[in-house]
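In case you want the letters, here they are:
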Amino acid sequence: MKNWRHAHFEAEAARTLLDRLLARHRGGSDSIGASLTDGRALHVRARNAVDLATLPHAASLCFRYLGLKDGELAALNEPFAGGVRLSDVTFVAAVSLGRGAGPDLLIMSRVRFAPRLALDEALDSEGVRIPPTPIGRFESPNEAILGAIAAHPLAPPEFYPRAMQTIRRLSELARTLKAAAAGPKPLLDPERFESYLEQAGAAFRERVAKLPLGRAVVAETLATGETIKLALDVREERVSFDFAGTDSSVSAQLTDRATFGACFSAACAVAQAPIEANAGAFACIEVRSVPGSMVNAKAPSGLGRGAVDLAAVVSELALRAFAQNRPTLKRASSSVGMSRWQIAFSDGKRHFDGAFGGVAGAASPEAPRGWSRGESPSSIESAERNAPVEILTRAGRTGSAGTGVDPGRDGQIASVRALAAGELTWSLACESGAAGGFAGGSSGAPCEAELIRSDGTREPLARSGRAAIQAGDAFEIRTAGGGGFGAPARPAGTESADA
Amino acid sequence: MSVSAGLSLGESFAELSVSEAPFEGSGAEAPARSRWQTARKSISAGLQEAIDENARARGGTLVVSSWAAETQIARRLGSSIALVCDLGFETWLEAGLEAGLDSVTEAGFDAAAAIPRRSSEGASIWSPVRRDQRIGVGGRVRADGSIATPLDREAMKAAAERIRTAGVGSVAVCFLHARKNPSLEIEAAEILRGAGLRVVASHETPCAAESALTGSSPAETELERGWLTVLSAFVASSLAEEEREIRSAFEPHADLWDVRWILADGRLEKTPSLESAFGLEAGLDLAHPDETIVHFGMERFFIGARDRSVRAGFPWIRALDRQPASPRALSSQPLARLRLDDSWAPSFAFETRGYEPGPVVFGKSLEPTVLDVLAWRGRVQAIDGLPALSIERAGLRISETLLALDKSRSSSMRRPDIDAIGADLEALFVASLAADLLAAGIDGPMRATGPLAHAIAPLLAARTPKWAPRFDTSSAEWAASTSLLKLAIHSAAREARA
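As they're listed, the protein sequences go chains A and B. FYI, this note's numbering numbers position 286 of the first sequence as 286, with every residue one higher than the one before it. Going from the second sequence to this note's numbering is simple: count from 1 and add 1000.
If you're looking for bench data, these hints aren't it; they were derived computationally from the structure. Treat the numbers as computed from the prediction; the structure is a model and nothing was measured. By construction, the Cβ of each residue, glycine as well, lies at the ideal position given by its N, Cα and C atoms. Incorrect hints may appear among the rest.
[Claimed, not checked] In silico SDA-like pairs for lysine to any residue, Cα to Cα no more than 25 Å straight-line: (1) B:K1157 to A:P161; (2) B:K1180 to A:G102; (3) B:K1180 to A:S382; (4) B:K1180 to A:H152; (5) A:K330 to A:E220; (6) B:K1180 to A:P161; (7) B:K1180 to A:G472; (8) A:K349 to B:D1144; (9) A:K185 to B:T1464; (10) A:K349 to B:S1146; (11) B:K1180 to A:K178; (12) B:K1180 to A:E220; (13) B:K1180 to A:R350; (14) A:K178 to B:V1430; (15) A:K178 to B:L1459; (16) B:K1180 to B:R1162; (17) A:K349 to A:G201; (18) B:K1270 to B:R1377; (19) A:K185 to B:R1463; (20) A:K330 to A:R385; (21) A:K185 to B:R1377; (22) A:K185 to A:M164; (23) A:K185 to B:A1461; (24) B:K1180 to A:A420.
[What the hints assert, rightly or not] Label-pair distances were calculated between CB atoms; the ranges are: (25) B:A1148 to A:D38: 28 to 36 Å; (26) B:R1162 to A:A489: 40 to 48 Å; (27) A:G292 to B:A1148: 49 to 57 Å; (28) A:P131 to B:A1148: 29 to 37 Å.
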């Protein structure tokens, strides 16, 4: 039966297989994917929106410049070569499924390490830069190169073991993919990849057709004074995001592909679509931006903050634009982005952590709340094992959310005490002011941070900065609450005189 | 001669499998015969029947496992519980769950991880512990295991009294670094038990083999440990009741049967425990540790790991998978099902909502399931003389959903020839199932069990000979014993009881 239904079922079976295989071989907080050697994504299981389009791009560049053969590996973190930020390292491998002379697939895994919090705007201060680099084969990774990277002063301390673990996972994935493609009735057939992408695109176009049609223009001015402008144009089967007029920035940037991921994920959220993160679906989305603007950064701009904060702002802005054409999508403001802090100790140990603000109240359950994650908060026990710190508090910030018919959600409270002298560096989320309410809902509480000295003295902190601390000093942050939506009903017996 | 038997206390059924081959590793490939008694109080009758049928048997080893705990978690059927933890960390479980646990979700791509969340998903993750029942108590263990602050005993006693008067069923106790030094937890548990409360302490839970947050091994964090503890407390009360009921059912046969309860790590113990409630599927042949057991259940198939050292902690993490933060989270490794979403796009989604609402053939829903496809294709048979299944209804619903699908794709109003596409549907289902097995790392012989094993396993074997199941599918008795009709009877009986 070679009709469209059969093709769709086969595409669904292939998608399911790829999805489950990728899920099985993904490390805890990593993103993983498979793409064709021409760079088109076949399936991406992303941990963050920014990974959706950057991961296949990274694989494509590695294949193109290094000429990877079956079983060969590469690594990179260069943000302007498909990476995101220097603390996220991508491992790429080529896999042949036995249909031709060269590889049929590229598989990639992006490993998240604790970022190095740098207030300087230069990229090089965020970590060791790894351009597309060959690192051997599955059965014989180049330990010398991996060791050299690990020995760099700015490399994450756990780089080498995590790298080897990721290579093992990719090796197992490659073996399973080969097994799936083997035999007279293969579960995975490279000759059907085009059909699979076509089906995925068709399915996503149907969902895009349900988006509110028309144009919408929105803008967001960051606390630093820079403005992002977005003109959204939704037509049947295609959505365009035009960021013309967006400022450049020295505090937060995104590469164009990272911006694409943020826009694509917003469209998926509004379209209520499970993400078919592949080239077929990507073709329904168009993103235009001026090179050098903060959503299309040029080297050597620092990208650490952008990857977390600015991506969330872009998604939030896109959601606001969609809401202009559909009232049920209207919402208050969420506290976007992640506030982060680190304590560096003289013995080289480093404590890093972060916290999110609260999300917004909305007009209906249909409306996405605009919440995204950059990295997972660390385990309390791990943090205390790895550095001389004591985590004092990690809890919800009760009462910080804006009130409303649909109230916002609370922010978080986190505090940590240093058990040795060190240097504290902090950076609050891009938009750390109060997340505004909407349609009568109230704003959430703003983000606040304090340095609490061992004698109890409290020093309010600015949006970002550094400070020398002593043993016994503590850092406390109370992130912003989300804005509330809609005026809450008045209690009985309090009707106004004109009612 | 002694026999070996396995009793699986599942979500919907209690299945008893009896094999003439003992567990002692004789390697005999005797066919297994299965009977089931669907009501728990009939377990005793089922055992008696097994004894009567095998005249040579003088009893044997009965291995029991129960899915009750996971069922209760998935359906939120547990009791009201409280959580005692370090002061200042009363809400960290929720925050940590939102941040990390979707990384172990197996129900497909977790859109919530990467994109702005929908309002419904933005609501609090389900937690078995109400916020007003989470109590922080002073006391702190350092990372090196030393005591930074001793337990505030007065606060602990006040908490115990508060919890007791709230009528809580169980208390989860979880302090930081309890693996390193459980003394605070031990002390807190002693005070709580002194107040007459049932306590589950985190240092007593099996250690997760792999961190759900980082994927590194071994790297259990307080998150996995805390959630396991909370979930254990959630089911502890009701499981205690179940254990009493089951133990009393076995008492009349104590002289004949060596009853063992299987734990999550594959060990057997004489008495049931909370761990056994999270146990492996019954029928696990401990004499063949290199085998893979695949249980083809009504709403899922389950795979028993070959490497029991990896197995340790795995069911506990799987229990976390069942967090019903969204309907998708109810699935674990289910059978593929034909599903149409709001856009009438078909998919063999690896999702199921469990046994509820159930297949069309049982008259329980209008949404075709794989069971309906199998029944409609004649892969499962009814016993003559007994009430017929709604096979025609199943075929009609499959046809109607496919017609709706056609409407969305073309202007043609012709009803699809479901007989023509039936073979394709079945082939695609089998391929999907094979893909799932492959994705789970199964690439060799398997021993198949479960109510649908006889229907599905041969299809898999025909497709991929290396997956030929190790049981006698040609036995009419086997087919009859696992017939769909008995499942239908059970369903009707259960409805009547409800």
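Consistency of the hints with the structure:
1. B:K1157 to A:P161: violated, 45 Å
2. B:K1180 to A:G102: At roughly 52 Å apart (the allowed maximum being 25 Å), G102 of chain A and K1180 of chain B break the hint.
3. B:K1180 to A:S382: holds, 12 Å
4. B:K1180 to A:H152: violated, 33 Å
5. A:K330 to A:E220: holds, 16 Å
6. B:K1180 to A:P161: Roughly 24 Å between the alpha carbons, so the hint for K1180 of chain B and P161 of chain A holds.
7. B:K1180 to A:G472: Holds, at roughly 24 Å.
8. A:K349 to B:D1144: holds, 16 Å
9. A:K185 to B:T1464: Holds: K185 of chain A and T1464 of chain B sit about 9 Å apart, inside 25 Å.
10. A:K349 to B:S1146: holds, 21 Å
11. B:K1180 to A:K178: Violated, at about 43 Å.
12. B:K1180 to A:E220: violated, 49 Å
13. B:K1180 to A:R350: Given pair K1180 of chain B, R350 of chain A holds - Cα atoms ~22 Å apart, limit 25 Å.
14. A:K178 to B:V1430: At roughly 19 Å apart (the allowed maximum being 25 Å), V1430 of chain B and K178 of chain A satisfy the hint.
15. A:K178 to B:L1459: Since the Cα atoms of K178 of chain A and L1459 of chain B sit roughly 23 Å apart, the hinted pair holds (cutoff 25 Å).
16. B:K1180 to B:R1162: Violated, because 29 Å separates the two Cα atoms, which is more than 25 Å.
17. A:K349 to A:G201: violated, 48 Å
18. B:K1270 to B:R1377: Judged against 25 Å, a Cα distance of about 44 Å means the pair is violated.
19. A:K185 to B:R1463: With Cα atoms ~8 Å apart, K185 of chain A and R1463 of chain B stay inside 25 Å; holds.
20. A:K330 to A:R385: violated, 44 Å
21. A:K185 to B:R1377: Roughly 22 Å separates the two Cα atoms, so the pair holds.
22. A:K185 to A:M164: Between K185 of chain A and M164 of chain A the Cα gap is close to 33 Å, so the pair fails against 25 Å, i.e. violated.
23. A:K185 to B:A1461: Roughly 13 Å separates the two Cα atoms, so the pair holds.
24. B:K1180 to A:A420: Given that 25 Å is the threshold and the Cα spacing comes to 22 Å, the pair holds.
25. B:A1148 to A:D38: 28 to 36 Å: violated, 57 Å
26. B:R1162 to A:A489: 40 to 48 Å: At 33 Å between Cβs, range violated.
27. A:G292 to B:A1148: 49 to 57 Å: holds, 52 Å
28. A:P131 to B:A1148: 29 to 37 Å: violated, 46 Å
Going down the numbered hints, you'll see the structure goes against 1, 2, 4, 11, 12, 16, 17, 18, 20, 22, 25, 26 and 28, while the others check out.
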